[in-house]
Amino acid sequence: MSVFLSFTVLGIVFGAVYGLLAIGLVVTYNTTGVFNFAQGAVGMVAAFSYWELWQNEHWPYLLAIVFIVFVEAPLLALVVEFVLFRRIHGATVERSLMVSLGLLVILLGVATIFWSSPDVTRAVPSYFTQSDGTVLSVRLFGTNGVTLQYQQIMIVVVTAVVGVALGAFLRRARLGVAMRAVVDDPELVALAGARPHRMAQTGWVLGFMLAALAGCLIAPLVGQTGLTTTQLTLLALNGFAAAVVGRLRNLPMTFVGALLLGLATYYAQGYLPGHINAGLAAVLVEVVPVVFLFVALLVIPAARLAPAGRLAVRPPPRVVTARQSAAGAVLLVAAAVVLAAMAGATALATISQGLALGIVGLSLVLLVGYAGQVSLCQLTFMGIGAFTMGKTLGGDSWWGLLLAVVVSAAVGALVALPTLRLRGLYLALATLAFGAVMYSAFFDNSSVISDGAPVGVGRLHLPFMSTVSNQTELIEVAVAAALCALFIGLVRRSRFGRRLVAMSDSPAAFAMVGLSSVRTKVIVFALSAGMAGLGGVLYAGQQSSISANDVQYIGSLTLLLFVAIWGIRTISGALLGGLTAAALPVLQTHLPASLADLTGLAAGIGIVLLARSPEGILGMSWLTNRVRLPFGEAENELGLLSVEREVANAA
Amino acid sequence: MPPDGAGPDRGNAAALAVDHVSMHFGGVAALSDVSLRAEAGSVTGLIGPNGAGKTTLFNVITGLQRPDRGSVSLGGTDVTRKATHTRASLGLARTFQRLELFSNLSAADNVRVGLEASGRAMPSAAMELLERVGVAEEAATPVSSLPTGSARLVELARALSTDPAVLLLDEPCSGLDERESASLGHLLTSLAAEGRAIVLVEHDTDMVLRICSTVHVLDFGQVICTGPPDDIRRNLAVQEAYLGHASEAGATGTGA
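Keeping their order, the protein sequence lines are chains B and X.
Letter by letter, the first sequence follows residues -1 to 649 of this note's numbering.
Letter by letter, the second sequence follows residues 206 to 461 of this note's numbering.
Among these hints, one or two may not hold up.
What the hints assert, rightly or not - Using 20 Å as the maximum straight-line C-alpha spacing, the simulated SDA-like pairs for lysine to any residue come out as follows:
id: 1; chain 1: B; residue 1: Lys389; chain 2: B; residue 2: Gly456
id: 2; chain 1: X; residue 1: Lys287; chain 2: X; residue 2: Ser323
id: 3; chain 1: X; residue 1: Lys287; chain 2: B; residue 2: Lys389
id: 4; chain 1: X; residue 1: Lys287; chain 2: B; residue 2: Leu418
id: 5; chain 1: X; residue 1: Lys287; chain 2: B; residue 2: Thr518
id: 6; chain 1: X; residue 1: Lys287; chain 2: B; residue 2: Gly456
id: 7; chain 1: X; residue 1: Lys287; chain 2: B; residue 2: Ala506
id: 8; chain 1: X; residue 1: Lys287; chain 2: X; residue 2: Thr346
id: 9; chain 1: B; residue 1: Lys389; chain 2: B; residue 2: Leu458
Keep in mind the hints are simulated off the structure, nothing from the lab.
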């Protein structure tokens, strides 16, 4: 009984904190139409700030909380709204999603810069402790009962008060009502005398304040032995799951979702059968929130989910011609041959890895750029490919490569099947959940991949060579990347490519010409995952192994962001995105320690650009008007040649 | 719900038959007990004020929304539980009041997707269709940069790309000038003459009364009168004389 009670208490306390995060998410989503992927990261920054002010600067802890919730969070929200989100008001789902993912990467970068040095332990003591360090608590229901810490009671009370107050504000107050209206029709609200910008600002400020409060409340619970970035960003997923249960709209249901999630997590911890090993138990507990999110997405009927963003007319496409593709491919391989002869060891390795990631980037062009299906688990497919390669026939055979591509493609198709009816944001969340599950349950699971030891992956055998040198490996990767680039161009110009773009542009019209999106979606997922698997084989071959570290979900996000920053619908953008993702960590080692997270910084700058130019750097008008890129995307007229010829023929 | 094919006209079933369809959004009846028939070779008009349920009826016919009650059949086949793309391959096509174009494709490619979907990928077919609706010179233009009127015509060409037996048109004239509307009227007549059943939703009442053989008037989700254009004209005249313009009546109806 007492075990049950204490797990119930823990579940409710954590559920309450998830609930605060989630209602912040819902409020922001409903006033701005943007799903803030960085909600958990805001909580993380708040938790670190709390430690900083209280433990490091010796502020009274209440003052620290008041400062963080009422000054720091609102200011941060206003800056974020002004710099990033004001520009993309009413943008496509994909675009606002990218920008909010970018914010997540930026905040992670900020946290890494300020709070990552390993020589400091960022321990946060409990609230309500006596001078001798005992945590104040009260005993309920006698000896068989449960101990309630004062801070646990405080967390639940604060959450309840905030929840009720927020509900009343949205239902009663003039500003609150206007905020609910603004998402349905900003122009109408503007006509009625309210100012949409003000509403959006309020939405962001409220969301950030709630996240900050959640961060301050949870800091002592998770930070007894020291706060870490990874542990805190995991919070984010829990908030997402609760928000989905509330259908991104309903605050009470969001709270219910959060409490269920908290309870499920702790009951799983408390009642796992004793005979399973500790490693597996830890995995199961970690996986609970993600599985909860995945199931919630699949079970909650689509029609009742809030509309996820609006459609906007995007600029016209630039279709690469066969000639441009071929020229680009030859150029790429030629450049690789020259570099192989000239570059030093580090550069060789970086470029090889960059091009391998570029192949994964190309798989994103196909899936996200053309078909409009946002995937946040591309590195998972990459990892599956590399893992299959490593486990087959000594890890360096061509048969292994073939099998790796087939297995990743099959997993891709399997992911596509249950998520068929999900679009935009919901699909992104489902793939994020899949990536996180695969990371915890497979790649980072010591019973699958022995503890901390990476799986060895060899390089592909070539005829007449006993070993494949770094130089040869670079050329090998470049040839593969060139072939993939040719393939993507071919697909885009094909009947299937037109079909992908059509499905992404208008699902209703797509069905109305007699096409079923089921087949198209499954095929494009399989193709894309297979290509990511190929990238994985080459990536792992370069460093001769694959480990859990290579396939974290944050890596999938970062790669997607860099490809989007260069241009998610361009072949050159994919390759440049891959090279960027590989080069930044290497460059970082040459920089002063104050720039501890170059990736976050670069993503930050890139995202500000992306908020201004939806087609990325390669799609910026000053560039497209002046420059001719190898794969030709920044060039408009040639892409239309085939049609023009047809016009002439018909006339 | 009447059993499938129980009607007396099994042999020469209507190209499109809607029987006793009802549909609610929350407490609001968007459609109540609506029945209509569209015959091959004729243009059937559907008029009514904003929010009368015209677009909802199109959504029900095409399967984008499921009705609470009633049935839809195409050429005698009950399609009430069939997916949208299945209905399309049975010969149903439509245009949308709020344009649904493949905005990242050129006009020609928009049509080509439809042609390829129905297995008719002759290279010249796309141009022929664009010529027929009168936007051939825009073939290479990305549709996102077309003016609304031309974009509507591209959408019509795409709808024709599957060679439909039943064609639903949702306000095809909005965005067109008078001359373009007139030529669209001729086009619709000739499309009907090819043996297609056309259902036309249009605010341009004169045009509807000119080219349709039967007209249904929808208000608050109900068919309030049906008949040949002359009857409707007389009826409308009566309405306008005594009740004010029909379109003022439906201001509180649900969004269609």
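Practice problem: Verify the proposed pairing of Lys389 of chain B with Gly456 of chain B, using a straight-line Cα cut of 20 Å. | Solution: Since the Cα atoms of Lys389 of chain B and Gly456 of chain B sit roughly 10 Å apart, the hinted pair holds (cutoff 20 Å).
Quiz prompt | Hint consistency between Lys287 of chain X and Leu418 of chain B [alpha-carbon to alpha-carbon, up to 20 Å] | solution = 18 Å, holds
Practice problem: Compare the distance between the alpha carbons of Lys287 of chain X and Thr518 of chain B with 20 Å, and conclude whether the hinted pair is satisfied. | Solution: 19 Å, holds
Quiz item: If you draw a straight line from the CA of Lys287 of chain X to the CA of Ser323 of chain X, is it 20 Å or shorter?
Solution: 18 Å, holds
Self-check item: Straight-line alpha-carbon gap Lys287 of chain X to Gly456 of chain B, limit 20 Å
Solution: 51 Å, violated
Exercise. Below or equal to 20 Å on CA atoms is what counts here, so check Lys389 of chain B against Leu458 of chain B.
Key: 14 Å, holds
Quiz item: Do the alpha carbons of Lys287 of chain X and Ala506 of chain B lie within 20 Å of each other, as the hint requires?
Solution: With Cα atoms ~15 Å apart, Lys287 of chain X and Ala506 of chain B stay inside 20 Å; holds.
Quiz item: Within 20 Å, alpha carbon to alpha carbon, are Lys287 of chain X and Lys389 of chain B?
Solution: 46 Å, violated
Quiz item: Does the structure keep Lys287 of chain X and Thr346 of chain X at a Cα separation of 20 Å or less?
Solution: This hinted pair is violated, its Cα atoms lying about 35 Å apart.
Of the numbered hints given earlier, the model fails hints 3, 6 and 8; all others are met.
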